[in-house]
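Number of protein chains: 2
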Amino acid sequence: MSYIIRPWVTRDLKDIMHLIRESAAFHKALDQVTTTPEILRDDGFGKEATFGCLVAEVPPERTSKNGHTIVGYQFHYLSYCTWDGPILFGEDLYVVPEFRGKGIGTSLMNKVAKIALEKGCSQFRFISAQWNQPAMDFFTRLGAVNVTTQDHWHLCHIDGEHVRKLAEQSRK
Amino acid sequence: MSYIIRPWVTRDLKDIMHLIRESAAFHKALDQVTTTPEILRDDGFGKEATFGCLVAEVPPERTSKNGHTIVGYQFHYLSYCTWDGPILFGEDLYVVPEFRGKGIGTSLMNKVAKIALEKGCSQFRFISAQWNQPAMDFFTRLGAVNVTTQDHWHLCHIDGEHVRKLAEQSRK
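Here the protein sequences line up with chains S and B, keeping their order.
For the first sequence, the positions run 867 to 1038 when this note's numbering is used.
For the second sequence, the positions run 867 to 1038 when this note's numbering is used.
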């Protein structure tokens, strides 16, 4: 299977957005997607860009059934653990269905692990849906530990209106 | 109750480290703490610093029983959601036991929410231990949603040796 893993460039934006939406639809959360190729460009390629994205690209003669050469992606950013120091945090790992089982997901994980080491991180963290058993099995095979199951760490979100309300009460 | 919430400075490093260890001990995870005041300084005050820390400080005449004027802290960093765009991620929120119930935790959350808005984030995310019911109740009162319980998002870690092993298999 011929493919390359490389950092994204601006010409990938539309394809990545397409895959982000495909992944969100798989999570039955398409209505939660408010990003656009323009937003991703401004946030990801500006001077203050805080995250990176890896893409898996196949040759033009082997496109996905939707005609894309970008068939997988992985977002990541530096974060920090007060116990461990720098860690790399992953957001999304996606490979289009007809290209699964060919090692592309593993290659994306290999490359992001390499980035983690280059940035001095001893740990790679990410979020996965517990019901997505094939994904959980895949991550477990790569050495991942589910610390929600093991240590009862739960993820919490404070959204929009509540963030504004909290901020308004900030002491001068 | 007289206290201020402000960004950390290098003279806070030892006090913050003391509180990080106190918090880790509360989580029965003191053996997982490898950071030191020097590591926090190099990572948090260098040119490439990727995270911030807020501290709660009381006047010298009202120190904690351990003699500290820094009685609470909160770490945060910018992260990115492919669905929502920029988000602020929190790591640790801690107030020493004898200073709890005085609004210090809420003031730290107010200030971090303000930072989130200033940085263009519509969401504040953090991890909390499910068994820490007082913390969970506190966050719920502030508008937090536990997306592990609600949407089955689980947190996974790939550590040290497994990161190195993955990286070694990275395609040239």
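A hint or two may mislead.
If several chains are the same, the list does not tell them apart, and a pair holds so long as it fits within one copy or across any two.
Below 16 Å or equal to it, Euclidean Cα-Cα: the simulated EDC-like pairs (lysine to aspartate or glutamate) are [to be verified]:
1. K980 / D897
2. K968 / E923
3. K931 / D1003
4. K894 / D1017
5. K985 / D950
6. K880 / D908
7. K1031 / E984
8. K968 / D908
9. K1031 / E923
10. K985 / D908
11. K1031 / E957
12. K913 / D1017
13. K880 / E904
14. K880 / D1025
15. K931 / D897
16. K980 / D1025
17. K980 / E1034
18. K913 / D950
19. K980 / E904
20. K931 / E1034
21. K985 / D1025
22. K931 / E888
23. K1031 / D958
In short, the hints are calculated from the structure, not lab data.
Results for each hint:
1. K980 / D897: neither (34 Å within a copy, 26 Å between copies)
2. K968 / E923: within (13 Å within a copy, 55 Å between copies)
3. K931 / D1003: neither (26 Å within a copy, 48 Å between copies)
4. K894 / D1017: between (27 Å within a copy, 11 Å between copies)
5. K985 / D950: For K985 and D950, only the intra-copy Cα distance (14 Å) is at most 16 Å; the inter-copy one is 25 Å.
6. K880 / D908: within (13 Å within a copy, 38 Å between copies)
7. K1031 / E984: Answer is between; shortest inter-copy Cα gap is 14 Å, intra-copy 39 Å.
8. K968 / D908: Cα proximity of K968 and D908: none, with 33 Å in one copy and 41 Å across.
9. K1031 / E923: Close neither inside one copy (44 Å) nor across copies (23 Å); limit 16 Å.
10. K985 / D908: between (23 Å within a copy, 14 Å between copies)
11. K1031 / E957: neither (27 Å within a copy, 21 Å between copies)
12. K913 / D1017: neither (38 Å within a copy, 34 Å between copies)
13. K880 / E904: within (9 Å within a copy, 43 Å between copies)
14. K880 / D1025: neither (27 Å within a copy, 33 Å between copies)
15. K931 / D897: neither (24 Å within a copy, 50 Å between copies)
16. K980 / D1025: This pair counts as between: shortest inter-copy Cα distance 13 Å, intra-copy 33 Å.
17. K980 / E1034: between (41 Å within a copy, 7 Å between copies)
18. K913 / D950: neither (28 Å within a copy, 20 Å between copies)
19. K980 / E904: For K980 and E904, the Cα distance exceeds 16 Å both inside one copy (28 Å) and across copies (26 Å).
20. K931 / E1034: neither (49 Å within a copy, 32 Å between copies)
21. K985 / D1025: between (30 Å within a copy, 15 Å between copies)
22. K931 / E888: Classified as within: same-chain Cα gap 13 Å, cross-chain 55 Å, threshold 16 Å.
23. K1031 / D958: So K1031 and D958 fail the 16 Å test inside a copy (29 Å) and across (21 Å) alike.
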